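**Student:** Heads up: the sequence lines are chains A and B, in that order.
Residues in the first sequence are numbered consecutively from 1, following the numbering used here.
Residues in the second sequence are numbered consecutively from 1, following the numbering used here.
Source of the hints: derived by calculation from the structure; they are not laboratory data.
Model, not experiment: these values are computed from the prediction.
Careful: at least some of the hints might be erroneous.
[Said to hold, decoys possible] In silico EDC-like links for lysine to aspartate or glutamate, alpha-carbon gap of 20 Å or less:
1. B:Lys26 <-> A:Glu79
2. A:Lys9 <-> A:Glu79
3. A:Lys98 <-> B:Glu55
4. A:Lys14 <-> A:Asp38
5. A:Lys57 <-> A:Asp38
6. A:Lys71 <-> A:Asp38
7. B:Lys56 <-> B:Asp66
8. A:Lys98 <-> B:Glu53
9. B:Lys56 <-> A:Asp38
10. B:Lys56 <-> B:Asp83
11. A:Lys98 <-> B:Asp66
Spelled out, the chains give:
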Amino acid sequence: NAGVTQTPKFRVLKTGQSMTLLCAQDMNHEYMYWYRQDPGMGLRLIHYSVGEGTTAKGEVPDGYNVSRLKKQNFLLGLESAAPSQTSVYFCASSYLEKETQYFGPGTRLLVL
Amino acid sequence: SQQGEEDPQALSIQEGENATMNCSYKTSINNLQWYRQNSGRGLVHLILIRSNEREKHSGRLRVTLDTSKKSSSLLITASRAADTASYFCATVRVPNAGKSTFGDGTTLTVKP
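Isolated chain A (complex conformation) (with noise of 0.2 Å):
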């Protein structure tokens, strides 16, 4: 199993420009989330996912929009990237609303 996986691993992008980042598990888990993590800080919860075709709202969601078609991959999109968007993002997977979330090792972003 390769567990979480996330692409890219490291972009820089423009003020303006758009782009989705891909997270994808082959646990056949149904939670699925987005966080960022700021420098000396833990993560924040952007997005997040109870099953295939349902997203929600986290603590921090404005300026991303996600998507979950298959019940493997969640996609986050910035749809106009700002500096304050430059951040490293983390996708996790849980099987159970309450149980251990499995991490991907991250995407870092700048936002020039």
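Dock chain B against the given chain A, drawing on the hints supplied.
**Tutor:** For chain B alone, coordinates are given in the frame of chain A:
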């Protein structure tokens, strides 16, 4: 609002010593989880303790939970240089889609 808050923010010890870090939270929870993050990497799950449990062990790790004080502690015994990492607690409340709320973490440095 931040649910889990770790204390201390930073901890530096010698190899072989024990390391204790604490987590406080504000509202009732279903479980509390501890994660480790090595520099530049994703989070790795260490241990989950449920609200009806008071103590759990896993190898050199010991976690306690005091729901009356809304606090948890993580003890790492006989620390090693490889334990150098940031440690985060995450609280889970259900129903809430199992969203975990992470603190800002404790940065542990173990000197050889």
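**Student:** Do the alpha carbons of A:Lys57 and A:Asp38 lie within 20 Å of each other, as the hint requires?
**Tutor:** holds, 19 Å
**Student:** Is the straight-line distance between the alpha-carbon of A:Lys14 and that of A:Asp38 20 Å or less?
**Tutor:** holds, 19 Å
**Student:** Does the alpha-carbon distance linking A:Lys71 and A:Asp38 stay inside the 20 Å limit?
**Tutor:** violated, 28 Å
**Student:** Please verify whether A:Lys9 and A:Glu79 have alpha carbons no more than 20 Å apart.
**Tutor:** holds, 19 Å
**Student:** Given the hint that B:Lys56 pairs with B:Asp66, test it: the Cα-Cα distance must not exceed 20 Å.
**Tutor:** This hinted pair holds, its Cα atoms lying about 12 Å apart.
**Student:** Against the 20 Å threshold, does the CA-CA distance of B:Lys56 and B:Asp83 hold or violate the hint?
**Tutor:** holds, 19 Å
**Student:** Need the status of pair B:Lys56, A:Asp38: alpha-carbon distance at most 20 Å?
**Tutor:** violated, 31 Å
**Student:** Just to be careful, I want the Cα atoms of A:Lys98 and B:Glu53 compared with a cutoff of 20 Å; is the pair within it?
**Tutor:** holds, 15 Å
**Student:** Given the hinted pair A:Lys98 and B:Asp66, is their Cα-Cα distance within 20 Å?
**Tutor:** holds, 19 Å
**Student:** Would the pair B:Lys26 and A:Glu79 pass a check requiring their Cα atoms to be no farther apart than 20 Å?
**Tutor:** Since the Cα atoms of B:Lys26 and A:Glu79 sit roughly 35 Å apart, the hinted pair is violated (cutoff 20 Å).
**Student:** Between A:Lys98 and B:Glu55, is the straight-line Cα distance small enough, at 20 Å or below?
**Tutor:** holds, 18 Å
The structure is inconsistent with the numbered hints 1, 6 and 9, although it conforms to all the rest.
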